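**Q** Listed below are the residues making up each chain.
2 protein chains.
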Amino acid sequence: MPDPRFGFRVTYTEGRARAGIMSTAHGSVETPAFMPVGTQGAVKGLTHRDLEGLGAEILLSNTYHLYLRPGDDLIARHGGLHRFIGWTRPILTDSGGYQVFSLAARRTIDEQGARFQSHLDGSAHLLTPEKATDIQARLGSDVAMVLDECLAHPADVRTARVSMSRTLRWAERARTRLLELRAGPVAGVAVTNAGQAQFGIVQGGVFPELREESAAGTVAIGFEAYAIGGLSVGEPTDVMYDIVDRTTPCLPDDRPRYLMGAGTPQDLVEAVARGVDLFDCVLPTRNARNGQLFTSEGRLNIKNARHAEDESPPDPDCACYTCRTFSRAYLRHLFLAGEMNAATLNTLHNLHFYLDTLRRIKDAIRLGRFETFRLAFHQRLSRLESERI
Amino acid sequence: MPDPRFGFRVTYTEGRARAGIMSTAHGSVETPAFMPVGTQGAVKGLTHRDLEGLGAEILLSNTYHLYLRPGDDLIARHGGLHRFIGWTRPILTDSGGYQVFSLAARRTIDEQGARFQSHLDGSAHLLTPEKATDIQARLGSDVAMVLDECLAHPADVRTARVSMSRTLRWAERARTRLLELRAGPVAGVAVTNAGQAQFGIVQGGVFPELREESAAGTVAIGFEAYAIGGLSVGEPTDVMYDIVDRTTPCLPDDRPRYLMGAGTPQDLVEAVARGVDLFDCVLPTRNARNGQLFTSEGRLNIKNARHAEDESPPDPDCACYTCRTFSRAYLRHLFLAGEMNAATLNTLHNLHFYLDTLRRIKDAIRLGRFETFRLAFHQRLSRLESERI
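As you go down the protein sequences, you meet chains A and B in turn.
Position 322 of the first sequence, counted from 1, bears residue number 322 in my numbering, the numbering being contiguous throughout.
Position 59 of the second sequence, counted from 1, bears residue number 59 in my numbering, the numbering being contiguous throughout.
Just chain A, same shape as in the assembly (with noise of 0.2 Å):
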């Protein structure tokens, strides 16, 4: 029983390709489509007009960090994230789960779910399915996840399939109290976005039966669209399209698929070929605070002294305000001399060059040119990165 705010309609295809309109309670997104990372509410070194200039649709933002602080009760008060953070289009967050996971040694799991110490205070907090689901209810994004068991890599089959296992479990009980919230208040839970969606995420590591019966698995639960977690963790490239190739097919159609945390450009061309329609990644933005900046002829770091002199662009194929603006000897300086806005102006550059990848996608994907792009975008990076150092 799929939420009906909710709603995804292919308009193009190419072979498995596809670019379509996700509608959500805040807006609809045009696929594939890339979201911004905006971990506590903001993407770092930008405004929000500065990514609404940029044509992003929608934002990812972290349901653990939102929920150790300022707290969701907070927010909810605020009347949910829309609203706390000045946001007025399409919000999806995580279930923190990824982010719990994260802390090793300072977290344990169990069936109930995950107990962890606050990277901020190390006080204790237990997150369960349920709670993942209060939390995101009480945030009121437009997606919510759900919980899921983020599996390490390398892991044996018998790992694998047990943390898959249990990861059903627990969408199967999200789902539970998603649709409980939906059908009536429920006592210390303020919903904050009546049309908030929910996504299963299939797990199974790198095996293929395993991702198959977990997608299989998480369709018969029904959520409005599914995602596929457990991948770009340190898996080969080849592993993960291979994943991402074997488990499309498991998911239904009509309706949109997330790979989420990935990837690199070529990742997400890649995964477009493969049926894929939203991404998420923190690299755009990291590395361009690092000073590493994605161009169409490959990266580049602006450190590098043979930049000091430098009068070019980072990119002469790009339009994006810091390539019109300033030299990379400019922004070689800013980096240099610690300005803040260096980060601005490479995370500027590097999330205009991942949103306009997916421009041209979709525009390939429409004009039945998408396998022609596939191909030419592969060969130049290639060519240019191997002439590189």
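To list a few chain A residues with every Cβ distance to chain B over 10 Å, as calculated:
id, residue
1, R5
2, Y12
3, E14
4, A183
5, R246
6, D317
7, R366
Some, not all, of what chain A presents toward chain B, calculated at C-beta under 7 Å:
id, residue
8, T47
9, P70
10, T325
11, H333
12, E339
Derived coverage of chain B by chain A (criterion: at least 3 residues anywhere in the stretch with Cβ under 8 Å from a Cβ of chain A; other residues may be distant):
id, region
13, 68-78
14, 83-93
Simulated from the structure, these hints should not be mistaken for laboratory data.
Please read these numbers as outputs of a predicted model, since none were measured by experiment.
Heads up, the beta-carbon is just placed ideally off N, CA and C, and yes, glycines get one too.
Starting from the known structure of chain A, arrange chain B on it as the hints suggest.
**A** Relative to chain A, chain B alone:
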């Protein structure tokens, strides 16, 4: 012999307050004007387009920092500071003197100039009046400042006189050097802005008779315009106002007057009332990064717990992007979470407040209502600041 490419025209006066237009090689500036401080060729936390959006018409940049990194030679090879940093409007550069004098234990002064060690790598440098002129010629700012000796506060009258006299001799040397550069090519000095103006600086500590002597001597040398230096360095506010009050009548009416390094919003209003036209100060930008906002109701520390649930904007009377879009609660969250754009959003607001205060002052002078504005401005702030913690 002032350079004809630099001009100043008083358009309205009320008492000693003036509104005017300063024209430079990169366009004109309406006065009274506030110059945001872009120490290393960028205002901390903002992009140039943010500044343009705020209506900033002129930027201040620091010779000391740019000389050390990336170097004035490199900037000259890029065609000057405007081209290097991608800022098309006017730029004023200080002489580097203030930063060198702030190095305290790492500098010595004699008649020749100031010897100092770089704060970056400890390398030894000598800054003379001629060298400060040459560096700024390479930077190609629209307004260059002469190297002056920055007296520490407090200083006795004898020390202040010795220092003031040396500043006069240095001003003479700086002007001679500039005229040489204007007259024809000088080996090793690439002049990147032929229309660069040079301002002299009045010193003399807190002693009115020394200020008068300094003003007379500086005007006798002949600069495109004149600044009042060595104030806003720890002396009581009424002493600063008194020195400004006695100095501006000693400076020509048909030239802009620049009060260096001041100040609070109240200081700006009071200095305009005494005939000042130009200002620069790190207060709005530095305090923003520390979470302090200047508002029509006084100063506001965004990190205070009382803002935790406050849905109102920082300043209810403000039309800036930050106040139009965000609540105190969200800005407090961003600040406590260590998000970079806390600095950006706070800086946007503070600079808007400063620039807007000067726009209101200009409008008031044009309408003959400056005295009314001045009274209301102080009354509102003093009433509200006394009500707050």
